[in-house]
Structure formats: C-alpha cells, structure tokens
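Visitor: Starting from the known structure of chain W, arrange chain F on it as the hints suggest.
The residues making up each chain are set out below.
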Amino acid sequence: MSERTFTRYRLIYTLLSIAFVVFSGFVYTQAVPENNKVVSSKAVQGKMLWQQHNCSSCHQLYGLGGYLGPDLTNTLSSKGKGRDYAAAIMKSGTQVMPDFHLNDAEIEALLAFLEHADKSGNNRVHSYKIGRDGTITSEGETRK
Amino acid sequence: MKRNPATIFIATALAVLLLGMFFGMLAAAQYVLPGFLKEALPFTKLRPLHVSMVVFWLLLGASGCVYYFLGAEKLLKRRIRKWIFLHYGLVCFVAIGSAVAYFTGNFGGREYWEFPPYLAIPLVLAWFVFLGVFWRSVSGKVKRWPVYYWMWLTGIVFFILSLAESYLWLLPYFGSDLVRDMAVQWKSYGAIVGSWNQLIYGAAFFLMAKISGDNSFAFSRKTFFFWFLGLTNLMFNWGHHIYALPVSPFIKHTAYLISMTELLIFGKILWEWKHSVSEMRQYFYRIPYRFLVAADVWVFLNLGVAILMSIPALNLHTHGTHVTVAHAMGTTIGINSMILLALAYYIFGQVFGPLSGKGLTKAKFGYWLSNGSLLVFWLALMGAGLTNAWFQWYEPDMPHALLMQQLVPFFAVFVLAGIFLFIGFALVVFPLLQQFISGKKTPADPSIILPTEISETSKKKEYANEYA
Numbered sequence: 001m002s003e004r005t006f007t008r009y010r011l012i013y014t015l016l017s018i019a020f021v022v023f024s025g026f027v028y029t030q031a032v033p034e035n036n037k038v039v040s041s042k043a044v045q046g047k048m049l050w051q052q053h054n055c056s057s058c059h060q061l062y063g064l065g066g067y068l069g070p071d072l073t074n075t076l077s078s079k080g081k082g083r084d085y086a087a088a089i090m091k092s093g094t095q096v097m098p099d100f101h102l103n104d105a106e107i108e109a110l111l112a113f114l115e116h117a118d119k120s121g122n123n124r125v126h127s128y129k130i131g132r133d134g135t136i137t138s139e140g141e142t143r144k
Numbered sequence: 145m146k147r148n149p150a151t152i153f154i155a156t157a158l159a160v161l162l163l164g165m166f167f168g169m170l171a172a173a174q175y176v177l178p179g180f181l182k183e184a185l186p187f188t189k190l191r192p193l194h195v196s197m198v199v200f201w202l203l204l205g206a207s208g209c210v211y212y213f214l215g216a217e218k219l220l221k222r223r224i225r226k227w228i229f230l231h232y233g234l235v236c237f238v239a240i241g242s243a244v245a246y247f248t249g250n251f252g253g254r255e256y257w258e259f260p261p262y263l264a265i266p267l268v269l270a271w272f273v274f275l276g277v278f279w280r281s282v283s284g285k286v287k288r289w290p291v292y293y294w295m296w297l298t299g300i301v302f303f304i305l306s307l308a309e310s311y312l313w314l315l316p317y318f319g320s321d322l323v324r325d326m327a328v329q330w331k332s333y334g335a336i337v338g339s340w341n342q343l344i345y346g347a348a349f350f351l352m353a354k355i356s357g358d359n360s361f362a363f364s365r366k367t368f369f370f371w372f373l374g375l376t377n378l379m380f381n382w383g384h385h386i387y388a389l390p391v392s393p394f395i396k397h398t399a400y401l402i403s404m405t406e407l408l409i410f411g412k413i414l415w416e417w418k419h420s421v422s423e424m425r426q427y428f429y430r431i432p433y434r435f436l437v438a439a440d441v442w443v444f445l446n447l448g449v450a451i452l453m454s455i456p457a458l459n460l461h462t463h464g465t466h467v468t469v470a471h472a473m474g475t476t477i478g479i480n481s482m483i484l485l486a487l488a489y490y491i492f493g494q495v496f497g498p499l500s501g502k503g504l505t506k507a508k509f510g511y512w513l514s515n516g517s518l519l520v521f522w523l524a525l526m527g528a529g530l531t532n533a534w535f536q537w538y539e540p541d542m543p544h545a546l547l548m549q550q551l552v553p554f555f556a557v558f559v560l561a562g563i564f565l566f567i568g569f570a571l572v573v574f575p576l577l578q579q580f581i582s583g584k585k586t587p588a589d590p591s592i593i594l595p596t597e598i599s600e601t602s603k604k605k606e607y608a609n610e611y612a
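Top to bottom, those sequences are chains W and F. Going by the working numbering, 85 is the number at position 85 of the first sequence; the sequence numbering is gapless. With positions in the second sequence counted from 1, the corresponding number in the working numbering is that position plus 144.
Source of the hints: derived by calculation from the structure; they are not laboratory data.
Below, simulated DSSO-like cross-link-like pairs (lysine-lysine); rule was C-alpha separation at most 30 Å, straight line: (1) W:K91 - F:K182; (2) F:K182 - W:K81; (3) F:K218 - F:K366.
Chain F is faced by these chain W residues, among others (derived, beta-carbon under 7 Å): (4) M1; (5) F6; (6) Q30; (7) Q52; (8) C58; (9) Y62; (10) G66; (11) S120; (12) N123; (13) V125; (14) T135.
Using N, Cα and C, we set each Cβ at its ideal position, and we do this for glycine too.
Isolated chain F (complex conformation):
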C-alpha cells in the first residue's frame, strides 16, 4: 500500500473538485431554466455548495502538495503524522459540515464562506496545526530557505489572519455598518485568495526544483523580487473589488497604484514568451508539463483581464457583470486547478508509478477537452459581461428580467461548455483516483516515459530558471 497522508489529502481534494463542479453545473442550469430546482435546491444553496467545495479542493490539494514535498525532503518526522491527520480531519469536518448547513438552509451569508460562523473555528484550528507542522519541519534553517518555504509560510499565516478578519462582522462596530463591513470583507477575501495562491505557486516552484535537480532559481534575486511584488499585491491590491463602495478614495487609489505593478509580471511573461513556448514544446508530451503549459496560458489571459479590470474607469463597467465571474473562473480553474493537477500527476506518478495506457489516453483527452471547453466557457462569460455592461450604460432603466433575457444565448453556451468542462475534468481525475483506490505501485512500463524525466542537466536547469 502506497497511500500516505499527502496522497489522501490530494485524492480527497480531487473528489471534492468533481463534487463542486457538479453543483456548479446545476447552478449554471438555473440561468437558462428559470425555476429549475427552485424549491429543492435554489441558487441560494447551489452557489455556496459550488463555491465552498471548489475552495476546499484548492485548500486540500495545496496542503497535500506541501506535505508531500516536505516528506520528499525528509523533513516530516513520523510522529508528526497524527497532526497531519488532525489537519485533514478538521478540514473534512468543515467541508461536510458546510455542505450539511447549505442543504438545510443554515447560512452565515458571506461570500466564499456562506456557512455559519462557528464552522470557521475548526478551520482556523486546522491551519494552526498546519502552521505547527510546517514550522517544526523547516525551522532552524531560516537563513537557507528557498523562496517556496517563504511562500508556504506566508500562505499559511495570511490564511489564518484573513479568515479571522473576515469574521470581524460579528463585532457590532464592523457588522452594523454596511460600507465598513463590505470594505473589511473584501479586504480579507482578497488576502485569502492570495494566501492559497502562495501555497499553490510555492508548490509549483518546488516541483520545478525537483524536476530540474537544481533549486538555485529559488534563491535568485529575480525570483525574490517577483515574490515580494506578489506579496505587496496580496496585501494592498484588493481594493479593486470595492471601487464602487463609498469608502475613502485613498484605499481605492492605493489599490489602483499597486495593481498597476502587475504590469511588470505581465511584461516578464511577454518578454520570455517565445523562449517559454520553445521550451514547453520539448516536454509537452509529459502530463504534468501539459498542465503547467495550460496554467501559463491562463495566467497570461487572466492577468491581462485583471490589469484592465483594475483601472477604475473600466472597472466601473465590468464590475457587477459576468466579466468578474469569467476572471474568477479563469483563475480558479485555468491557473490554480491546472497547477494542482500538474502537481497531482507528478506526485501520484512518484508514489503509484506511471499511469496505465488507458489511463494516459483518458488523461490526454480530458486535458484537451477541459481546456478547450474552459476557453469557450470563459469567452461566453466575457460576452455576457460585456453585453451586460453595454446595456447598463445605454439602457440603464432596462428591467433586470429583460436584461437577463438578452444574455440567454451567452448563458446557453456557458452551460453547455460547463458540461464538457466537467466531463473533461472527470477524465483527468478518474485515472488518478483509480490509482489511489488500488493503492498499488504500477510496475514501470518501458514504453511509457515518466513525466519527470529530463535527461540533459543543462535542459533541467534552463527549464527551472525559465519557469521561475
């Protein structure tokens, strides 16, 4: 049996992803079929089921990857396993508890975490356990920390801080004033998203260091510069969510200014694009690389949209439309999920061995189907959002029901693409779950090349530097 705490985290995360996508499909159907499941599972229940499950996919998946890599570095002591399982148990308890709360209509009524506030307590405890395990494993060598250790520490600490901050509304000073409450809510949510990004991107960096056998890029000034830039954005650029709120203009201008520093990241991608493409082509036949290539393309598209949306004059039109949804879906599915799937394929490859021929065929087909349908899905949402913006500006008195009717063609495409997206992801995820359930290491098939094999040392270093 090859199952270990890390693979248990990841396998659970993969199952939760499919569940979250299933709820997402049902919720999307309500856009084109008004009244569909209105009494049994109204949108007020389906939306939180979808959002929370997808967030738990990211949290469980990222935690599993961090534990796997700490184990691979031989930093996890055996007696610490019970704490890792405690972390796992607490997160699963909150995931199941939140689903039960949503089904029974027991809401806290906040975006992302729409469950009752008491369920946040075990979630915070889980992250304190995570922090304890992480710190115990890597402390003592702080001066020799590569960038991904900093990213993981930052991700864990900011998750705790931001989650606690998102419950300030329980205090009357924050909760009774709508504007102050909304400002603090979106401040904390901006940082929460940043915190899981730190965990996921840190794991992706580690993967590249492992593949290349050279982690010098993880200490380079350039890498640290861009990490500090990302951290600055995590802390201060959340304000673009609340340009419309009547808060102090200083908050909005700070967000605007900081958001524009993302142009440096965008410029870096453009500058290195040609080189990246030739590099990626070389290793594209390997499954983890494929997902990283996909994530790169989605980073480019979504970062471009994010920068445009951070300009208040443009945000004025796109805010409150499906352009925002397209951006959220593009980053969650296109970037975070693609990276996590690359990591899952790498880790399961190491633990359970290569996929069977059938499994590999499914994964490859699922890859193209999920990315192709995600593009259509994303474009449909962008189309719906921009059409909505047009009507908002030129027909401001149009009733909402009529406006939604104008958007039905976009929603129909979005629902159809969502179904194919779900099938694509299922094809990608099933071979991994099959490996996990069988729990045995597949004997190496000489006809299948392991995803992490790069023979030339110079190529390994080049790839790692490029990715960083």
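Bound conformation, chain W alone:
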C-alpha cells in the first residue's frame, strides 16, 4: 500500500469515526416526546421490574422484544383492555405466561411503567402515515 493510499484510508477512517461520535451525541441528547418528559419514580421502579422478570423475552414495546406474547406499548389504552385487564394477567399469569407471584405494589409499578410507555407514542400500525419516499410518520409526530 502506497503512502498516499494509506493516508487516504486513514483520513476516511478518521472522518467516519468523528461522524460516528457526533451522531452518537445527537442520539444521546435528542428530544424525547414532549408529553413524556416527566417520569414518575413508580414507573422507573416498574421498568426495573420489567427487566428483572425479563418480560421483553416474550413481550414487545414498539415492536422490539420477543414474539410469544403481545406488544404492550398501547395495551392500557386499547379497546377492551386497560388497567384492570393488565393487572389480572399480571396477578395470575395465563396458559403460556407463568405466574410471577407479584404483589400489589409491584403490579402498580408495572402498570405505571406501561402507562409511561402508552403515553410515549402510538405504535398501532394504522396510526402511521406513509410518505411518497417510503418514510413513515406517526400520528401527532411534529418534530423535524
């Protein structure tokens, strides 16, 4: 490899690395939805419980997670579901979902977390608008 080629490759590598660092900074600091900036301590506690019981191995949030159980992003505001429905399932499990022996305080915390998820956005497939360039915009999304 000639000196010139090596210098060129090093320059490309350096520029890509700088762009990566700048982009990472943008991702870390970019605005989260306005309606969801305040997170209650109960919701944070619920998020930790969600992780401790590895709920994401079966359930999804925004389509990310396992596929054995349903996506729970907007389950609290879905027709025919809601808090009581979710609490009942958490309390005793289902044919597929084990009973995690959660107490009332833990169920409340998990419900607060699901409420936080529900308010963060709309993940229903019909809530997105499809642009001519193939991009999608969620209902109510105004940020550029």
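Guide: Structure of chain F alone, referenced to chain W:
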C-alpha cells in the same frame, strides 16, 4: 497432541453452538405446545439461554479463527499464550455465569445480554485482552495492513465501545426514559452485531488469501471501498430497528439513506453471480468451500430481505413479526455460522489432518440436511411473519391468542425444521469435535483431497479476487 489455543476456542465454540441450538429447540416447542416446561424452564429463561449461547458461539469461534491466523502468520509470540488463555477463561466464565443466572431467574433483562450487568465486566476485560494481544502482534506494520487486519481491529474496538454503550441504561439519564433507553440500546446492538461480523468476515478474507497464496485483493481499492461501506452501515444503519419509536426523524432518515447503500453490495453480488457459480462448482467437493457457497447464497437472500425491511413503509408491516426473526436466524445461521464452519473445517484440517471417511460422509450429509432444513425453517418464519402482518393490517383488533392460533401451522413447520437443523449441525460438528478430542493428527489418506488444495496458481488468484 495438536491442540492449541485457537483450536480450544473453536472446539468450545462448536460445543456451545449445539447447546444453544438445543435450548432454541425447546423454546420453539413452546410456540406449538403452550404450557410446555412453563414452570421449570419458561420462555423467559429459554430464550436468553438460546440467544446468549449462540452469541458465545460466534464470539469464541471468531476469536479462535483470528488467533489461528495470527499464529499461522507467525505473529503470536509464545509468551503471549497466557493472555490468550486469560481471554478464553474470561469468556467461558461469562458464558457459564450467564447460564447459571438464567437458570436461577437472575436477569438484567436486555435483549442479547439478558444476564445481570456485573457479568459484562469480565466480558469487556476479555476483549481488552484480545485487543492487547492483537495490537502487540500486528502493530508496527500498520501501513502494510491488509483489509482483514483493519476489520479485526475495528471488530474488537467496536465490540468494547458498543458493549459499554449498551449499559448506559444504568445511568438514570438514559435508563429512566423508555424512548431514549430503547434508542441507545438498539444503537449499541446494531454495532455489536456489526463488530462480530467484522471479525468473522475478516477471517473469511484471510482464509481466501491463505488458500490462494495471493493476498493482493486484500489491498485493492474495491475491497477497501466495500469495507468502508460496511463500516458506514455498522455505524449508522441501526436505525431501522427503531422506525416505530418516537425519536427524532433525523435518526430514522439517516438509517434509511445509509441502508440503501447496501444496494451497491447487492448489485455487486448480482453482477458477479454467474462467475461465482461457475467458480464455486469447480471446488464444491471441498468442505470449506461448500460452507462458503452456502454462506454466499444466504448473504444474497438475507441482504435482499434486509434492504426491503429498511424501507420504512415496508418495515411498518414486518417490524414486530417473525419476518425479523427469519432475518436474524438467516444471518446468524446462514451467514455467520456457515462461514465459521468453513473456517473450522479449514483450521482443523490444517491442525489435525483430513477427516476420516466416515467423518467426511457425516459432514457432507449434515451440510445438506442443515441447509435444506434452514431453508424450510426460514420460509416458515417468513410465512408466519407475513401472515401476522396481514392480520395486523386487516384485523387490528384480533386478540393476540387468536392471532397466534392462525400461525400454528407455520410454527409446526418451523419446529420440525428446527429439529432437522439441529441434527444437521450435529452431524457437521461431531467429526470436528472427535478430531479435537483425539488430539492426534490423522495420517494423510491419498484418496482424500485436502480441502485447501488448488493446483493452478491462476485459479487460486481468480478465486481469491472473486471472493473479495
């Protein structure tokens, strides 16, 4: 005794692969048998056991290949062996520790790495050791580095960075906000996958250079161009995972734009397809080539799917369905595992000699069985995912349990194909493990052609250029 650190890494990786696939089969069975092992080993335990073991197969296998090739280049000094064993010991400690954590229900609750966060510390340390060994072996000649050295360095460094980044959720600024946390989580995971791809693809390039006896392609502009393109994708195209998240559209549009550059790679494969096929036919009877041919076919299929899934309007329908699983399985098994098996057959062939006649027959049968069943497995998952997408769009209020019932025929095929896939891989892996356990070099059998023999120099160069 011919065992060396590299073959110890690879043999362990092969055993871990079978273990990971076994857990995968049990987990898959829960799709068709609701309640199966629900109390003893629920899906919350089986899924991480499967995913983590398969990831450890990739990490251990790729590391072993890098060490073998550095050794083959006479770049590894003898006194460095203890550091290589430290790397091995740390990774094994994390693999065993994570399995114990999953069995006992002690979770960190993140995808890929569902073990408690403290187990990430020895894993990061292991990769710092890897970085130290690698740098000590190849530094001083940076200006003469072929592309695969760049790939390995990038793979090691990005693994450390991305693994550290995936634990930013421990800081309240990241961890307490769901959207920010998920965005950073999938950013880091995109790069982690890219980092082990760099290690594996780099090793595959090295293999071709060794076989051909000519590594000029590893310095060519075309090779570097496509490597920089891959690196750009590693850094910026992870955003297709989070099109649904309410993050800044700038992140999503960047991912969309960068993902479309993969069309250049797709075009290159199509352009050179006919030539590749004729070339591959010539050497197909050799086991490592067979696995590389299989990897090529899977690259074509999965890259096509990946490009389609990167279009937000299509991703809207496939996201959160088994199309994503098909893509993940296709790339992990079809591409990464096939390349690693090609490398394992090459390396064990060099260290332990050719396979016995029985071993060769098993390997050939296992090759066809694993690839055939992987195709059925992949198609079943695609079918399940597309059917799910159809119901999501036309029957949005359908209860999840009812939706899963509609998908049972696809899951039944997927489970059955998974069992055959496991048997196929076992047939491929056992002859290698037998060689490793016996630890002796088999005397050369004149009736068996060594996998790396190509007699004509022009063919060697042509093959290497083609592969690059």
